[in-house]
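Number of protein chains: 2
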Amino acid sequence: MEKEETRKELKVSAIENGTVIDHIPSNSVFQVVKILNLDEFDNQIFLGTNLDSYKYGKKGIIKVSNRFFKADEINKIALVAPTATLIVIKNFSVVEKKKVEIPDGVEKIVKCFNPNCITNNEPIRTRFTVIDKDELRLKCHYCEKITAKDNISFL
Amino acid sequence: MEKEETRKELKVSAIENGTVIDHIPSNSVFQVVKILNLDEFDNQIFLGTNLDSYKYGKKGIIKVSNRFFKADEINKIALVAPTATLIVIKNFSVVEKKKVEIPDGVEKIVKCFNPNCITNNEPIRTRFTVIDKDELRLKCHYCEKITAKDNISFL
Chain W
1 MEKEETRKEL KVSAIENGTV IDHIPSNSVF QVVKILNLDE FDNQIFLGTN LDSYKYGKKG
61 IIKVSNRFFK ADEINKIALV APTATLIVIK NFSVVEKKKV EIPDGVEKIV KCFNPNCITN
121 NEPIRTRFTV IDKDELRLKC HYCEKITAKD NISFL
Chain X
1 MEKEETRKEL KVSAIENGTV IDHIPSNSVF QVVKILNLDE FDNQIFLGTN LDSYKYGKKG
61 IIKVSNRFFK ADEINKIALV APTATLIVIK NFSVVEKKKV EIPDGVEKIV KCFNPNCITN
121 NEPIRTRFTV IDKDELRLKC HYCEKITAKD NISFL
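Each protein sequence line maps, in turn, to chains W and X. Terminal number for the first sequence in our numbering: 155, no gaps in between. Terminal number for the second sequence in our numbering: 155, no gaps in between.
No lab work stands behind these hints: they were computed from the structure. Any given hint might turn out to be false.
Identical chains share a label here; the pair holds if one copy fits it or two copies do between them.
Claimed, not checked - List of simulated lysine to aspartate or glutamate pairs, DMTMM-like, C-alpha gap at most 25 angstroms:
#1 K11 <-> D39
#2 K58 <-> D42
#3 K111 <-> E101
#4 K111 <-> E40
#5 K111 <-> E122
#6 K55 <-> D42
#7 K55 <-> E40
#8 K11 <-> E144
#9 K149 <-> D39
#10 K108 <-> E40
#11 K55 <-> E144
#12 K108 <-> D134
#13 K34 <-> E107
#14 K111 <-> D72
Modelling step: build the complete structure from the supplied sequences, incorporating the hints.
Structural data, given as structure tokens:
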């Protein structure tokens, strides 16, 4: 198994067990923290942002000790960090690596594009079905209007 | 001058030039990020939280490359991170070290304790004068009621 320490220059400390979220767009790192409620964890968390990346120019990385995420938890970040790689670490070694995937539904993090939607006028959490994962089209659970990719704004 | 690398086990990468904010209570680290607008920076930022600290049990640390803060900017964090130490780094060395200080005024981050205050009923930023820095008593700029230490809640 690939050792985590040998992967390029390790500017953000290696963790013994846990999850690494790599290749996060730099301007989305703290949104990822918020989406995954990482500010409420007791585990050690290491984070670096605006790090050099050959592939993406600038990137962010988050390492969460002793925490392993289910697919439906981690895929929430796919909208803000579509390039993210999820790496499971055990005993300082990489045991699994995969890309995040756009989920079937999105809650809370995206604003409904329809100004008349109840979610823009009452304190109700937004909720969407992803009706097109390639073109990123979200159908609002309440008003049923489509929020298209170019109109996606994050709460 | 003290070299940054020799200070205990360096779990969060040393920076060449910039500012280190150390001894942040672990549950305030991401509030500090928000207060200082660090999510909008282009500079490299390294962060670690729930790190062991002999003095404080658990702590967080943030390192911001190539950024130096004025006293009035950094003292905004004093309410959420009263134990924080500010360390200025140049050429990998510590050139200045000081504690944060409670500022004379606080904006935006604290909620007014008075439910009838205009700031709790209209989209107006909160604003307080700190009338007692030891007992942490905040006087609202609008309704003039006092929000005392035990009633301080963060927005």
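A quick look at each hint next to the structure:
1. K11 <-> D39: both (21 angstroms within a copy, 19 angstroms between copies)
2. K58 <-> D42: Classified as between; 9 angstroms across copies, 28 angstroms inside a copy.
3. K111 <-> E101: Classified as within; 20 angstroms inside a copy, 38 angstroms across copies.
4. K111 <-> E40: both (24 angstroms within a copy, 20 angstroms between copies)
5. K111 <-> E122: Cα proximity of K111 and E122: in one copy and across copies (13 angstroms, 21 angstroms).
6. K55 <-> D42: Intra 32 angstroms, inter 18 angstroms, cutoff 25 angstroms: inter-copy only.
7. K55 <-> E40: between (31 angstroms within a copy, 22 angstroms between copies)
8. K11 <-> E144: Neither, since 45 angstroms and 48 angstroms both go past 25 angstroms.
9. K149 <-> D39: Between copies only: 23 angstroms across, 28 angstroms inside.
10. K108 <-> E40: both (17 angstroms within a copy, 22 angstroms between copies)
11. K55 <-> E144: This pair counts as neither: shortest intra-copy Cα distance 38 angstroms, inter-copy 54 angstroms.
12. K108 <-> D134: Classified as within; 21 angstroms inside a copy, 39 angstroms across copies.
13. K34 <-> E107: both (13 angstroms within a copy, 22 angstroms between copies)
14. K111 <-> D72: within (20 angstroms within a copy, 34 angstroms between copies)
Checked against the numbered hints given earlier, this structure breaks hints 8 and 11; the rest are met.
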